[in-house]
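On the provided structure of chain H, position chain W as indicated by the hints.
There are 2 protein chains.
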Amino acid sequence: MSQSDLLTQLMESLRCLPGVGQKSAQRMAYHLLERNRDGGLRLAAALQEGLQRIGHCALCRDFTEQERCPICASSARDGSLLCVVETPADRLVIEQATGYRGLYFILQGRLSPLDGIGPRELGLDRLARRLAEGEVREMIIATNPTVEGEATAHYLAQLARQFEVKPSRLAHGVPIGGELEYVDRGTLAHAFGSRTDMP
Amino acid sequence: MSQSDLLTQLMESLRCLPGVGQKSAQRMAYHLLERNRDGGLRLAAALQEGLQRIGHCALCRDFTEQERCPICASSARDGSLLCVVETPADRLVIEQATGYRGLYFILQGRLSPLDGIGPRELGLDRLARRLAEGEVREMIIATNPTVEGEATAHYLAQLARQFEVKPSRLAHGVPIGGELEYVDRGTLAHAFGSRTDMP
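Protein sequence lines correspond, in order, to chains H and W. Read left to right, the first sequence gives residues 1 to 199 (the working numbering). Read left to right, the second sequence gives residues 1 to 199 (the working numbering).
Just chain H, same shape as in the assembly:
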C-alpha cells in the first residue's frame, strides 16, 4: 500500500459509474480533492437521497420520488394518446425533441426471452389494464428499431388491437440532415421502398 486507504476506496467506488475505468476514476478523485470538494459533497448527498428515494411512477413506470410522475400527474396532457418507450432516457428525448402532449408508458426494457425478460417484467399486465379502461385511443409504439425492439413493437401492436386501440409506430427513413452516402443500407432500402409522393 503506497496510497491512502480512503483515496483507494474513493477511486474504487467511482468505478461503479458506466464508462469509468481505473484511469478516469483516478482523475476524478484527484480533481474533486484538488478543485471541487464542495461539488463532490453535493454529489454525495444527491446520490444518497436520490438512490434511496427515487422509485417508479405507479402509472407509467418512469422514475420519480412521488406516487405519480409530473407528466402523469399533469391535467394538461392528452390521456387518449399513450407513447410506449423502452427507457426513461427515450421518454426524455421525445419530450425534448417533439411537441407531444400525450402520456407515456415506460417498459424499462424490451422483450428478451433469452434474458428472462417477458411481458410480466415489462409491466404489460399493467399496460393491458390501462388499455382496458378505454381512455386510450392511440398507442404510439416508440421502441428502438432493433431486432428485440421490433419484436416488442409487434407484441404491443397485438395487445393494442385486442383492446381496440390504434397502434402506430415511429416512421423509419433517412435522417434529416444526413447524407445518403453515409446512411446504412437497411435504412436506405426501407426509405426507398416507403417513398412518399411530393406535394
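If you are wondering where the hints come from, they were derived from the structure by calculation, not from laboratory data. Treat the hints with caution; some may be incorrect.
Put simply, identical chains are the same to the list, so a pair is met inside one copy or across any two.
Stated by the list, open to error - In silico lysine to aspartate or glutamate, DMTMM-like type, Cα no more than 25 Å apart, as pairs:
1. LYS23 / GLU138
2. LYS166 / GLU135
3. LYS23 / ASP90
4. LYS23 / GLU49
5. LYS23 / GLU95
6. LYS23 / GLU86
Coordinates of chain W only, in the frame set by chain H:
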C-alpha cells in the same frame, strides 16, 4: 418540469466530475438507478468520508487522511533520495512503473507566475527546510517536460545546489517501443543530440 426533482438534481450533481457532460450524467444516473443502487450508495459514502477527511501529508504534501502518508511513514524507504513531482497522479505512476524506494515531495502544481502560483504556493519553503536537515543527498526532479515544468525544474535545481544536494532530471528521448516516424521533432532532436555510446 417533466422530470423528478431528485433525478434532475442527481444529473446536475454528476456534472461536477471531470469529462462528464449532460448526456453522460444522464446515462450515469439512469445506470445507477436501474442497475446499481448499492454501488451508488457506496460511492456516496466514499465521497462523503473521503472529501471530508483526506488532507495533505505533513512531509510530502501527498493526499492522505493520516498525519503522514504511508510512504513517508514507512521505515523501508531510502531517505537520502527525494523525488519531486507535480501531482499525486505523477507520484502514483512513478511508484507503479519504477522500483524507486526513496521518498517524494509533491508540489501540487508548477511555477506559473501568471496564475499567481509562486514558490510559496508549491510549498518550496517546506522543501528548503527539508533539504537543510541534511539527510537528502540527491533530488530527482520529475516535473513534466512542459515549459512551466522545465522552469520549475530549473528553479528546483538551484534550490538543491544551495543545500549541496545533487539535482537530477528524468532522461528525455525516444519512448521505448515508439517508432521514429511518429516521434515529435523536439524529442527526436534532443535524443539525437544526447545519443549514448553502445557498449
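So, going through the hints one by one against the coordinates:
1. LYS23 / GLU138: Neither: 49 Å inside a copy, 31 Å across copies.
2. LYS166 / GLU135: within (12 Å within a copy, 84 Å between copies)
3. LYS23 / ASP90: Close across copies (12 Å), not inside one copy (30 Å); limit 25 Å.
4. LYS23 / GLU49: between (28 Å within a copy, 21 Å between copies)
5. LYS23 / GLU95: between (35 Å within a copy, 15 Å between copies)
6. LYS23 / GLU86: Classified as between; 17 Å across copies, 32 Å inside a copy.
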